[in-house]
Amino acid sequence: MSNGARRGASVVALVIGLGLVVAPFAFQMFSRAPQGGDMIDDFEPYMSTEVIERFRGYLDTVDAADAQASDQLQPALADAGAVPAEDFDTTYVQVASLREQWPDVQADMTDLLDTMDRNLDNYDAVASLPPFPLFPWFFVIPGVLVAGAATWALLAGRRGRSTRPAAWVLVALGVGLVLAPVAFQMFSRAPQGGDMIEDFEPMMTRERVQRVQGYFITMGAAEGQLRNQALPALAAAEGATPEETAEAFPQITALSDVWPTIVTDFAPMVSTMSDNVDNFDAVASLPPFPLFPWFFLIPGLLVAGCGVVALTARPAEAGSDTTHDESAAPVTPTPAASDPEADAAPPEGSSP
Amino acid sequence: MTTRTRARRGLAVVAAALLLAAGCGDDEDEATESSQQDTATEEASGFEGELAGTFSIDPATCDAEGVRGSYFRMIQAGGTAEEGPFVPNTDSSCTDQTYNPLTGGSESGLVTGEFQAPPDPAFDAAGNGLATDIIEPVTFFAVQFAVATSDADGAATPTVTATSGELTGDLSAWTAYYSNLVFNQGAPKPDGSSPGLTAAVSGTIDADTGAYTLDWSSQIVGGAFNDFTGVWHLEGTFTPAG
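Taken in sequence, the protein lines are chains A and B. Be aware that the first sequence starts at 37, since it is given in the working numbering, and climbs by one per residue. Be aware that the second sequence starts at 1049, since it is given in the working numbering, and climbs by one per residue.
Treat the hints with care, since some could be wrong.
Said to hold, decoys possible - Okay, the calculated bits of chain B under chain A, using three or more residues with CB under 8 Å as the criterion:
id	region
1	1123-1129
2	1136-1143
3	1184-1197
4	1216-1230
5	1272-1285
Everything labelled a hint here was simulated from the structure, so no lab data went into it. Glycine included, C-beta positions come from ideal geometry on N, C-alpha and C.
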């Protein structure tokens, strides 16, 4: 292989190195990757089977209370002469509102929890990747090193010095780039991250978050009206104590008992969703996750290949001696080694 | 000296005496007026310029005629100040449960010129806010919210300024504590911005009695109630510090 090939390999390596340096800027990784890291951190408290089951339990509690309000409390109020059945919805507007909206609320919230549930493994895979804020540096640092080694090789060749050390560095960097995604299990984890991003997309929108905020109002207002108005009205009409009435409607009482806990659990979760809409958008704007390992593998193979080409190339003046080690070349540059034009048109027989 | 001359001199002395007396009388009147003006100025000066002291909070009364006194309302995301929709709090004692009555806390109300910081911790185990200096905590969806003035995010010390009976101010430090979450409810925001429905502090003060009203609204930025807006109305009496 000729000096021209050696130079060409170095130039290709230089271009790849510069490409690696430029890529994070082009994809705005320095701002977007940390946003991804923030999102992963913020969701951490909610991405467990235990937490998701607890939220499912809350939905069951609301569901049972809603059913008891319709099936038992409304007739009881009518029977006691407190509120005629036909006036229930206008007297307890918030309770009626929950009854009307609950099927949609329950379906939407269940879908949200299902989405989180089926992405638990994906989340763990993404969370096991190196910290997101480091991502751009995984491109910039190897890129600078590759570009530096390629420049070294070019300058050494131009001055007639040995290019083998620089070529070996290129080979090592290339192998490192190839091995990095393997070491970080990116070939399995990155696609899982992609799956999660795709699955979370309908969940992480302003409209969806605002809808979930509204559910909090719907559920909370109904709970308060049941606790503060409906049950006391029944107790007064029946001449019962509040405790007796509460015992008679255990599902509604259970909702009121657990509601403050629901608020303290529900509000931070909605907060996490709300505060990460922009972070999610930033992550979704990055190149597709499944491609990330290839962003290392392909440049790595190319750089390693360039290094190998640079190693195997022989200087023009050593064309007759295929076993000649370039490192043994004379210190004084030969015209062929020092003249770039000579590289472009090597004498016959210079290739091995 | 002739008798006529003596008489002229006598008249001149009497005239001078009268003029002197008259002159002295004018001075006394002026002094009295000046004294009255000074007193008036002193009274007015208590309610002019930057008012440092306590804006006590009169509790709200809710009846069929409406709501009087101090209250809080919350506009739902996407709503407007005029039309709402406002969040109904079924723990409110008002007939119109979109109004949440406020009652002055252990320091009677808002103290300007200093922060009324929240306790540490700011919440109990159930997520109820524990600050009690400004208002008594209010039950909102079964959990109590509390209010303090906090220097978080660089919020300025609360100030209210009176100009000819009109009030303006910087209550960027006004902060609500609810369900283990902290919401800035100031106007302007600590960074000086006024996002969304955030409206500057405005109000009136009676120069004679110190009776005041203060109104502002503050849109929540981020968190569980992102884009919801708190509407605050305080009424009571201003008492200067010291």
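Each hint tested on the structure:
no.	hint	in the structure
1	1123-1129	holds (count 3)
2	1136-1143	holds (count 4)
3	1184-1197	holds (count 3)
4	1216-1230	holds (count 4)
5	1272-1285	holds (count 5)
Every hint from the earlier list agrees with this structure, and none is contradicted.
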